[in-house]
Amino acid sequence: MESHEPETVVEVVGLSRSFGRKEALRDVTLRVARGQVFGLVGENGAGKTTLIHHVLGAYKAKTGSVRVFGIDPVYDPTAVLAKIGYLSEDRDLPGWMRVGELMRYTQAFYPKWDEAYAERLREEFELPVDSRIRTLSRGEKAKAGLLVALAHRPELLLLDEPSSGLDAIARQDILAAVVRTVAEEGRTVVFSSHLLDEVERVADHVAMIHEGRVTLDASMDTIKNTHRKYVVRWPEPRVEIPELPGVIRAVGDGREWGLVCEGDEQAFAEAVRKSGGEIVESSVPTLEAVFVARASA
Amino acid sequence: MLQISISQSDGTPIYFQLLRQIKHLIAMGRLQPGDELPPVRVLAQQLVINPNTVVRAYRELEAAGLIYMRRGAGTYVSDGAVPYSDTECKRILSERVDALIVESRNLGYSMDQVADLLRERDNALGIEQRNQEEGTPDGKS
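Read top to bottom, the protein sequences are chains A and B.
The numbering of the first sequence is the working numbering, which starts it at 1 and goes up by one.
The numbering of the second sequence is the working numbering, which starts it at 298 and goes up by one.
Hints are computed from structural coordinates only; laboratory data are not their basis.
Think of the CB as a built atom: it goes at the ideal place given N, C-alpha and C, for glycine as much as any other residue.
Incorrect hints may appear among the rest.
Derived list of chain A stretches under chain B, where covered just means 3 residues or more per stretch with a C-beta under 8 Å from a C-beta of chain B [to be verified]: (1) 173-184; (2) 199-211.
Computed Cβ-Cβ distance ranges for the label pairs, DEER-style [stated by the list, open to error]: (3) B:Asp-419 with A:Tyr-117: 41 to 47 Å; (4) B:Gly-371 with A:Gly-276: 39 to 45 Å; (5) A:Asp-90 with B:Ile-303: 46 to 52 Å; (6) A:Arg-34 with B:Val-379: 34 to 40 Å; (7) A:Arg-233 with B:Val-352: 36 to 42 Å.
Far from chain B, some chain A residues (derived; all Cβ distances over 10 Å) [what the hints assert, rightly or not]: (8) Thr-8; (9) Ser-65; (10) Ala-116; (11) Met-220; (12) Asp-221; (13) Val-239; (14) Arg-249; (15) Ser-283; (16) Thr-286; (17) Ala-289.
Work the whole structure out from these sequences, hints included.
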């Protein structure tokens, strides 16, 4: 390839969506580049699933536009869906089917289905061929869903809350499978989660959605480099903190306050000193701390 | 298997945690010159982290001359890899020594007693290590 410009796999521009009076998405603009692991974070009901449904072409964009591989998923769903592996939040798999039947059934929809790979995943996930889907545990259902999402080697893997409601071990298995998918060249993963620690582990780009709006859209590196968590102490108890640059959220009462901030560290330190305060602790916040600060700011 | 763990409660970027721990393993001699590091995707899967994060840590270790990559043939610890400069070594040790001195004072030990104890423990550890090396010839499992 000539250009080093990352190729865009998903492009959402100015997307808004309401259900009745409830505004589910407001002016959402996002770009997912090829090879990225894109984490979509936000509370339940923040709009993540609505956004994913637009990417799948299940919803038509009324305001704004959605392009997947440069194509509008509503006008050419076959072209788009053939390249997507999708795991829905409620894993809507037919309960009466056996694992083996589910595999053969799904295979029929995908010309690129890789039978050997599907079988390898089934063994790895320890899914018995003859078990009916409805008898599987939650973790096994998630794995069965992931298997059929992965086995046609999609260019884009779209996972809606892949580990929601799962125990730690099943979660680890699912994430490891995602990591392996990424390690294979050129695959792109978009996954939504309200579990910030797992997003922090595997995502290299994060978009935070809060009440239908994108409140932060940046690489994990940028988030880590631009945010800091401080504990600041003032000689006298205070009811609120003085004006300081870059504060996203301040929590405390009395002399010590915990702050999550964005921006220049030196300017912040200088302003704290001028206010008569002292920085007693300074560290890089977890993604969770950044998210909580932004969501409640 | 590399004994590395990624802490979730710590906000430190994961690539940096990785970098620090591999440096530490080299400094401790648990990774020796010529030892092979796990391939990117293996380590990424083991730790359940983004493979790009592993790539980044390896690149920085390579830039620091601690490891080298042979195209398609793996990643190895460099000969004479010195992960910490003299001043850095001294700083790390000073921290530990300071803690030791404070604890010794609290327990009423004199500096001579501490020095004797250091020599005594050094001897004891030396014997243990030799025994271990004889026990498992390659020093690894």
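Results of checking the hints against the structure:
1. 173-184: With 6 residues closer than 8 Å to chain B, the stretch 173-184 of chain A meets the three-residue bar; holds.
2. 199-211: Coverage by chain B holds for the stretch 199-211 of chain A (5 residues, Cβ < 8 Å).
3. B:Asp-419 with A:Tyr-117: 41 to 47 Å: With a Cβ separation near 55 Å, Asp-419 of chain B and Tyr-117 of chain A fall outside 41 to 47 Å, so the hint is violated.
4. B:Gly-371 with A:Gly-276: 39 to 45 Å: violated, 56 Å
5. A:Asp-90 with B:Ile-303: 46 to 52 Å: Check failed, 30 Å falls outside 46 to 52 Å.
6. A:Arg-34 with B:Val-379: 34 to 40 Å: holds, 39 Å
7. A:Arg-233 with B:Val-352: 36 to 42 Å: With Cβ atoms ~40 Å apart, the hint holds.
8. Thr-8: holds, 18 Å
9. Ser-65: holds, 29 Å
10. Ala-116: Check passes; 19 Å lies beyond 10 Å.
11. Met-220: violated, 8 Å
12. Asp-221: Not fine: 7 Å to the nearest Cβ puts Asp-221 of chain A too close to chain B.
13. Val-239: holds, 28 Å
14. Arg-249: Fine: 15 Å to the nearest Cβ keeps Arg-249 of chain A off the interface.
15. Ser-283: violated, 6 Å
16. Thr-286: Its Cβ does come within 10 Å of chain B, the nearest being 5 Å, so this is violated.
17. Ala-289: violated, 7 Å
The structure does not agree with the numbered hints 3, 4, 5, 11, 12, 15, 16, 17 stated previously, though it agrees with the rest.
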